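Visitor: Okay, here's what each chain looks like letter by letter:
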Amino acid sequence: MTHAADAPILDVADVTAGYGGRAAIRGISIQVYRGEAVGIMGHNGAGKTTLLNSVFGAIRPKSGTVMFRQEMLSPDRRANIRKGLALVPADSFVFASLRVRDNLEIARRNASSASVADEAESTSRELFPVVFERLNQLAGSLSGGERRMLSIAMALMWQPSMLLLDEPTVGLAPAVAERVFDALKVLMQTRGLSILCVEQSVHYLLRIAERVYIIRNGDLVGEETAAALLARDEYWDLF
Amino acid sequence: MTQYGFVLVDGITSGATYALAGAAFGLVFFVTGRFHFAFGLFYGAAGMVAAWSASYLGWPTWLAVLLGLAVGTLGGVLSELLVYRALDRRSTGLTLLGVFIASLGLVVAGEALMSLVFNQEPTFNITLVPFEDWRIDGVAVPYIKATDIIVCWVLLLALSVITGRTHFGRQMKAVEANPDLSATFGIDPKRVGLAVFALISFVGAVLGILAAGTTTASPQMGDSIIIYAIVVAFLGRGRSILAIGLIGEVLGIVEALVGYRFGQLPQSLVVFVILFAFVVGVAYQPVIRRLRLSSRSSTRTAR
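Sequence order for the protein chains is A and B. Residue numbers for the first sequence follow the working numbering, beginning at -8 and rising by one. Residue numbers for the second sequence follow the working numbering, beginning at 153 and rising by one.
Warning: the hint list may mix true and false statements.
The calculated lysine-lysine pairs, modelled on DSBU-like cross-linking and capped at a C-alpha distance of 30 Å, are [claimed, not checked]:
| no. | chain 1 | residue 1 | chain 2 | residue 2 |
| --- | --- | --- | --- | --- |
| 1 | A | K74 | A | K53 |
| 2 | B | K342 | A | K176 |
| 3 | A | K74 | B | K342 |
FYI, nobody ran anything at the bench for these hints, they're computed from the structure. Quantities reported herein were computed from a predicted structural model and do not represent experimental measurements.
Please take these sequences and the hints and turn them into a complete structure.
Guide: Structural data, given as structure tokens:
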């Protein structure tokens, strides 16, 4: 797919960010276009989560800019949610001590109107029916896959334009992971949702991603198309 | 029997106060992670200011109560804004201890300030309700005690509705469970924390004013309530507000009965005995579990 004529929905330019005095990522520049899924790959500690957190506003980049729909993003998560971003973290992604219903209600408050939330809820109900069968259960009592589906349903509740996913298949059975990625594909096709996804499993990532950025030790070391990755026998030399 | 009736009324009154203080302390501790020891200071400040403005300045009761509520609520909110948050920014990883020490400092400084402002040994009263009794089966129930019980339980019910049935309640539970995830879903943990401080400081101020209407108000009047609040909060952790209410009532009634049967010294020890038993229970839970398991397995082997 070529995007030369379009402006990217997400434009990360030369971002350096980290924790304390240490830079976990250095000078990273990436773009994501509307309706596109882009993967981020790299070994543990490469800086993938830091990149997602910098985009979402959970940490303030030391330098560089993050533009979303031609607007500069600030390190203010609530403001970024209102602009149409949503993040599903890698772990602790639901409120385990709250009921499923309460988890969804918390997310629902971010929708611009009740009708937006209702529409999002009905989409999620179709994609993840099992979650909506357990509304009165504590989220902590759900299985790993159900919790992951709940977290994505929560993130979709305000109909974001872009979903930031951090390792969505960790701890999931293969069949459940495939169901999650199939649901994401449906959302991209029907709603034009853009996705930036950190994922270790190339197999799952390539179900939705057209391009993959590779990060090594905090530096962006390459960009591969899905076709090029599929043609490879081994992936680990990339990292 | 009538004597036991009086004791029971005393116990229920104290228990309602302990319950509400415990529920408030528990909210602020578990939602914000602040060991807000100065809860007792602002309880005392509200009572003192209300009693002082009513008895010394001669203000009407309603105005004195309003001033007391404002002072108690504002004091709690300002302690979070100006003291605890400043510590948070400076002492990463030591916040709990830092807040506890700062809170103790606030209590010492605040009580000294009140003693200075209101003279050396200040004691004031506020008349909230007439000094009359209801008679129930020969047991006299003073209006002020009935008022205490009613106000405390109304506030407990209100807290129960707020925490269990409102969006703010959900936000509080979300921040308590995971502040960072809360921010990911658009909740501002700091804003929620401040609202919790305002809520519990208001509750503390109400309790302080009720206490000033029951006994004489003094700058140190909040020193003992905080101990009860801590005990009830920890005994009630993870339980509903209404369950915390019952825990407070049981504590109040047991304490009153022990006082009646064995005198004042054992009465003052009740809360410490309960706290000690709770701490020992928590600390030795793994040991007790292991002992149970090993006794079960040895029974099986014997069979």
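Visitor: Next step is simple, just say for each hint if it's right about the structure.
Guide: Hint check:
{"no.": "1", "hint": "A:K74 / A:K53", "result": "holds, 22 Å"}
{"no.": "2", "hint": "B:K342 / A:K176", "result": "violated, 36 Å"}
{"no.": "3", "hint": "A:K74 / B:K342", "result": "holds, 21 Å"}
Checked against the numbered hints given earlier, the structure breaks only hint 2 and satisfies all the rest.
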